[in-house]
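Generate coordinates for the entire structure from the input sequences, incorporating the hints supplied.
So you can see what is in the structure, the chains are spelled out below.
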Amino acid sequence: MRFTLLLAFSLIGISFPQTIISGRVTTSNGKPLFAANVVLKDTYDGASTNEDGTYSFTTFESGEMILLATYIGYKPEERKINISGGSITVDFVLTETAGELDQVVISAGSFEASDEKKSVILKPLDIVTTAGADADVYGVLQTLPGTQTIGETEGLFVRGGSAYESKTIIDGMIVQNPYYSSVPDIPARGRFSPFIFKGTIFSTGGYSAQYGQALSSALILNSQDLAPRTMSAINLMAVGLGGAHTQRWENTSLAFEAAYYNLKPYFEVQKQRTDWINPPYGVEGNIVFRHKTSQTGIIKLYSSYSTGSLMLNVDNLDNPAVKDKFDLNDYNFYVNTGYSEVFGDDWTFFTGVSFSKDINDLSISNDLIDTDEQRAQSKVTVSKNIYSNSFITFGGEIHNIKTEESFNQYKRGLDNTYFAGYAESEIFITNDFAARLGLRFEKVNIINKTNLAPRTALAYRVGKNSTINFAYGHFYQTPEDEFIYGNIDLKFEKATHYILNYQYISEDYTFRIEGYYKDYDELVKQITFPEDFTEFPDYNNSGEGYAKGIDVFWRDKKTLEFVDYWISYSYLDTKRDFREYPTLAVPTFATPHTLSIVFKKWMPDITTSLGFTYSFATGRPYYNPNNPVFHGDKTKNYNNLSLSASYLTNLLGNFTVVYFSVNNLFGFSNVFGYRYSTDGSYREAIEPAALRTAFLGVFISIEYE
Amino acid sequence: MNNFFFLNKGIVMIKFIIVLFAAVSLFAQDNDKYITAMKDNLEKMNTSFSSASFQQIANSFERIAKAEGDKWLPYYYAAYLLTLTTYIDSTGIDKDAVLDKAEELLSLADSLSPDNSEIYAVKAMIAQGRLIVDPQNRWMKYGQLFNNYINKSKELDPNNPRPDFLYAQNIMHTPEQFGGGKEKALPHFKSAEGKYNNFKPETELHPDWGRELTMEILKDIEGNE
Chain H
1 MRFTLLLAFS
11 LIGISFPQTI
21 ISGRVTTSNG
31 KPLFAANVVL
41 KDTYDGASTN
51 EDGTYSFTTF
61 ESGEMILLAT
71 YIGYKPEERK
81 INISGGSITV
91 DFVLTETAGE
101 LDQVVISAGS
111 FEASDEKKSV
121 ILKPLDIVTT
131 AGADADVYGV
141 LQTLPGTQTI
151 GETEGLFVRG
161 GSAYESKTII
171 DGMIVQNPYY
181 SSVPDIPARG
191 RFSPFIFKGT
201 IFSTGGYSAQ
211 YGQALSSALI
221 LNSQDLAPRT
231 MSAINLMAVG
241 LGGAHTQRWE
251 NTSLAFEAAY
261 YNLKPYFEVQ
271 KQRTDWINPP
281 YGVEGNIVFR
291 HKTSQTGIIK
301 LYSSYSTGSL
311 MLNVDNLDNP
321 AVKDKFDLND
331 YNFYVNTGYS
341 EVFGDDWTFF
351 TGVSFSKDIN
361 DLSISNDLID
371 TDEQRAQSKV
381 TVSKNIYSNS
391 FITFGGEIHN
401 IKTEESFNQY
411 KRGLDNTYFA
421 GYAESEIFIT
431 NDFAARLGLR
441 FEKVNIINKT
451 NLAPRTALAY
461 RVGKNSTINF
471 AYGHFYQTPE
481 DEFIYGNIDL
491 KFEKATHYIL
501 NYQYISEDYT
511 FRIEGYYKDY
521 DELVKQITFP
531 EDFTEFPDYN
541 NSGEGYAKGI
551 DVFWRDKKTL
561 EFVDYWISYS
571 YLDTKRDFRE
581 YPTLAVPTFA
591 TPHTLSIVFK
601 KWMPDITTSL
611 GFTYSFATGR
621 PYYNPNNPVF
631 HGDKTKNYNN
641 LSLSASYLTN
651 LLGNFTVVYF
661 SVNNLFGFSN
671 VFGYRYSTDG
681 SYREAIEPAA
691 LRTAFLGVFI
701 SIEYE
Chain F
1 MNNFFFLNKG
11 IVMIKFIIVL
21 FAAVSLFAQD
31 NDKYITAMKD
41 NLEKMNTSFS
51 SASFQQIANS
61 FERIAKAEGD
71 KWLPYYYAAY
81 LLTLTTYIDS
91 TGIDKDAVLD
101 KAEELLSLAD
111 SLSPDNSEIY
121 AVKAMIAQGR
131 LIVDPQNRWM
141 KYGQLFNNYI
151 NKSKELDPNN
161 PRPDFLYAQN
171 IMHTPEQFGG
181 GKEKALPHFK
191 SAEGKYNNFK
201 PETELHPDWG
211 RELTMEILKD
221 IEGNE
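Note that the protein sequences, when read in sequence, are chains H and F.
Counting from 1, one number per residue, gives the positions in the first sequence under my numbering.
Counting from 1, one number per residue, gives the positions in the second sequence under my numbering.
These are computed hints drawn from the structure, not numbers from a lab.
Fair warning: this is a prediction, and the values are worked out from it, not measured in the lab.
The beta-carbon is built from N, C-alpha and C at its ideal position, and this holds for glycine as well.
Any given hint could turn out to be false.
Pairs of lysine-lysine, BS3-like flavour, derived with a Cα cap of 27 Å [claimed, not checked]:
| no. | chain 1 | residue 1 | chain 2 | residue 2 |
| --- | --- | --- | --- | --- |
| 1 | H | Lys601 | F | Lys141 |
| 2 | H | Lys491 | H | Lys464 |
| 3 | H | Lys123 | F | Lys141 |
| 4 | H | Lys264 | H | Lys323 |
| 5 | F | Lys95 | H | Lys464 |
| 6 | H | Lys123 | H | Lys464 |
| 7 | H | Lys558 | F | Lys141 |
| 8 | F | Lys152 | H | Lys292 |
| 9 | F | Lys190 | F | Lys200 |
| 10 | H | Lys494 | H | Lys548 |
| 11 | F | Lys71 | F | Lys44 |
| 12 | F | Lys71 | H | Lys464 |
| 13 | H | Lys494 | H | Lys198 |
| 14 | H | Lys402 | H | Lys491 |
| 15 | F | Lys95 | H | Lys31 |
| 16 | H | Lys198 | F | Lys190 |
| 17 | F | Lys95 | H | Lys75 |
| 18 | H | Lys601 | F | Lys182 |
| 19 | H | Lys557 | F | Lys95 |
| 20 | F | Lys71 | F | Lys101 |
| 21 | H | Lys198 | F | Lys182 |
| 22 | H | Lys525 | H | Lys464 |
| 23 | H | Lys123 | F | Lys182 |
| 24 | F | Lys101 | H | Lys41 |
| 25 | H | Lys601 | H | Lys634 |
| 26 | H | Lys80 | F | Lys141 |
| 27 | H | Lys558 | H | Lys31 |
| 28 | H | Lys198 | H | Lys292 |
| 29 | F | Lys95 | H | Lys300 |
| 30 | F | Lys141 | F | Lys152 |
| 31 | F | Lys141 | F | Lys184 |
Here are the computed distance ranges between Cβ atoms for each label pair [stated by the list, open to error]:
| no. | chain 1 | residue 1 | chain 2 | residue 2 | range |
| --- | --- | --- | --- | --- | --- |
| 32 | F | Ile35 | H | Glu96 | 34 to 44 Å |
| 33 | H | Gly344 | F | Ile35 | 23 to 33 Å |
| 34 | H | Gly344 | F | Asp94 | 38 to 48 Å |
Written out as structure tokens, the structure reads:
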């Protein structure tokens, strides 16, 4: 009987032999993968790997089967094995998946802020938490490499370019008046709240063929989709007050915002250098509408209206006893609406219309200067996914730009039509190598000229987090209106960009070094200087110039606890001969060295975020009529340390932020340039409107369950 | 001879019995094997607390899920455990990638058992996991998504204590300035406690987690009062 049982057990043994399967799972560099899953397909049998990548398990299966190894972020590997007892050793080498997220990102010349994408340099929140910027998009951009620290006027001065060479683009459409109306020696803020954008791309050169009419830089802002929730907000500031309400339905959201500002009480406490008669006051409001038409389709509308007034005295340098009264009333209306949808599996369609009107009624002493600018534009873009993540995009846009100016009884105006078409492909040759090739065609009626601009950008990944980027392109821009009046045969101004960068981006650190060369050609140059100011001077396109330099950016979110800081350094070597310049010279808006350090610390115990921004720039040249060398004088170096603190708290159950900031904490005296009397005998320094400025605001969010 | 015959007969008999037993056991084994393996994993799940062990148990649940193909529970547990690893991990795993995987597994559970309150509770956990990765930039989007899933989970089964428990925990870990804190969380833990006291899982394999932690936290909050 005993023998029988033995035999019986051995029979079982034969039909169910036991096999030990073991091995090791590593990456292609030989690094062990911990907690990889190894499984005999269609069975329970398997194991997780140990810290050294090894695994081992026992199975009673037999015959030909498939052994599968998986690990998150790696391509699964299958191996056919024959199981027949004993032990089998199977090693796996897994390679990282280069999914869509892992494809190399083209980044030559551009800084991107997004919360949807990885490997971006900024987050949208960075824009509102940077000290010294006071939640102005343009203020934050001045802490990035490639921009100049210009304090006497608004605008982005990028890599040797003037403010005119930068364009702001919202949802694909050029914004005619991105800043509030200009006041002498005071930089105007941007009109748009950073909170309405989900993504920002600041390109300091080499940008896509989708954008034109900017020789130096493009600020590309993409507005948010549906508002996340119904809520209200109350904003109390030292300079005014505002309120907002957002209503969210299932597929629709509508938001209203209104604000009143009056700087009079603030300027009474905060003494100003500017001699104000009526400090700025005004009202503004905007509406944001979103409607999802399907899973992938959305209609967006943004519209704003603002009006403001101000009056101040400006020194008359030719007669110091007299003050010129500067009295400005402005009105601005803007609407931008777009519809996008995905058709089939791989067609994306976008169409948009935008209209803006900006009226400035200005009087300086007894002269009345009125301007009325309007721009109507429409745009269509069609994009097709050709394979993997590779796209081909076509589009066209048409603008009508009307400008009217009057100087007392004299009037002049321009009615211009601008047309552009482009084609561009973004192709992944491998996951590590991407190429963007584009061509843009433009036609401008008023000067009756056309141009064809090729654009190229390449990105090649050299390591897990590091890429090398290259960009090359031609950029054209219509000369400024003031030159076109009376000179309608001017040509486009032109710039050619060459950019090469190395970039390392991980969760915690970003390092980027970028070198560039920019060649300016056919810049507008004044060739006659009529004595009689009622005569128009003559202009042609004989101007030229260059800009070359190196931009360095370092950001570290890891080393210090709760601290995030970034350092930007720009080296710039630029000269140009344009406008009224007698020779090739460094322009007044360029300096060789610019440095900024942005530091933010989160203090959880007191729920406060503290930040400072330090900016340094070497002196800039200015025009001194007494110096035979044109732009032979330089201002002293610029220094500024700004501080800001945001205290997060709760007011009557509502989330509240108390924001406080001080600009130029240490009171460095900064000079942006000098203005001379006509005979050169008297000059006045151009300085910030106040030595130090402080700002206090309370922002309350009211949420509904 | 006789003896041999008997022996031979015996062998035949035994062979027959073995075959019969094997057939029956193979049949029974199919379900037993599932229950045993699941119970084994659940026990490990309830006694370990490290990112690595959660990952390993998740792997094991995934193996069961893939082999079975039509059972939502192993997919559900694998997704639940992967999400937990992202809450507690300090080894620097790519949390978004792990949450992607959790989402993928949970969507398989969802397709096998649609409109399941328990699955929506884990969807809420995944949204919370996304938020934890980058709270400053993500609270708007994922805070809302978390609330939506919690509400859906409650709606699908008003007696399920887990959405209350998750919501209470979320409130507790939200800074007081943002309307969170222990005090605010207390009524939600109370509500979860009430539901846990009446809750009986459908089978021993069905979700039954969160009970002990709820009681512990309640003791802690009420003890401090």
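Checked hints:
1. Lys601/H to Lys141/F: Holds - the C-alpha atoms of Lys141/F and Lys601/H are around 24 Å apart, at most 27 Å.
2. Lys491/H to Lys464/H: This hinted pair is violated, its Cα atoms lying about 46 Å apart.
3. Lys123/H to Lys141/F: Distance ~14 Å between Lys123/H and Lys141/F Cα, so the pair holds.
4. Lys264/H to Lys323/H: Satisfied, since the Cα-Cα distance of roughly 21 Å is no more than 27 Å.
5. Lys95/F to Lys464/H: Satisfied, since the Cα-Cα distance of roughly 17 Å is no more than 27 Å.
6. Lys123/H to Lys464/H: holds (21 Å)
7. Lys558/H to Lys141/F: holds (24 Å)
8. Lys152/F to Lys292/H: Within the cut-off at roughly 21 Å; holds.
9. Lys190/F to Lys200/F: holds (18 Å)
10. Lys494/H to Lys548/H: holds (16 Å)
11. Lys71/F to Lys44/F: Judged against 27 Å, a Cα distance of about 20 Å means the pair holds.
12. Lys71/F to Lys464/H: violated (38 Å)
13. Lys494/H to Lys198/H: violated (32 Å)
14. Lys402/H to Lys491/H: holds (19 Å)
15. Lys95/F to Lys31/H: With Cα atoms ~20 Å apart, Lys95/F and Lys31/H stay inside 27 Å; holds.
16. Lys198/H to Lys190/F: violated (39 Å)
17. Lys95/F to Lys75/H: holds (17 Å)
18. Lys601/H to Lys182/F: Distance ~26 Å between Lys601/H and Lys182/F Cα, so the pair holds.
19. Lys557/H to Lys95/F: With a Cα-Cα distance of about 17 Å, the restraint between Lys557/H and Lys95/F holds, given a limit of 27 Å.
20. Lys71/F to Lys101/F: Given that 27 Å is the threshold and the Cα spacing comes to 18 Å, the pair holds.
21. Lys198/H to Lys182/F: Violated, at roughly 33 Å.
22. Lys525/H to Lys464/H: Distance of about 48 Å is beyond 27 Å: violated.
23. Lys123/H to Lys182/F: violated (31 Å)
24. Lys101/F to Lys41/H: holds (19 Å)
25. Lys601/H to Lys634/H: Not OK: Lys601/H and Lys634/H at ~36 Å, beyond 27 Å, violated.
26. Lys80/H to Lys141/F: violated (45 Å)
27. Lys558/H to Lys31/H: holds (24 Å)
28. Lys198/H to Lys292/H: Since the Cα atoms of Lys198/H and Lys292/H sit roughly 17 Å apart, the hinted pair holds (cutoff 27 Å).
29. Lys95/F to Lys300/H: Given that 27 Å is the threshold and the Cα spacing comes to 33 Å, the pair is violated.
30. Lys141/F to Lys152/F: This hinted pair holds, its Cα atoms lying about 17 Å apart.
31. Lys141/F to Lys184/F: Roughly 22 Å separates the two Cα atoms, so the pair holds.
32. Ile35/F to Glu96/H: 34 to 44 Å: holds (37 Å)
33. Gly344/H to Ile35/F: 23 to 33 Å: Since Gly344/H and Ile35/F have Cβ atoms about 47 Å apart, the given range 23 to 33 Å is violated.
34. Gly344/H to Asp94/F: 38 to 48 Å: 32 Å Cβ-Cβ, so the 38 to 48 Å window is violated.
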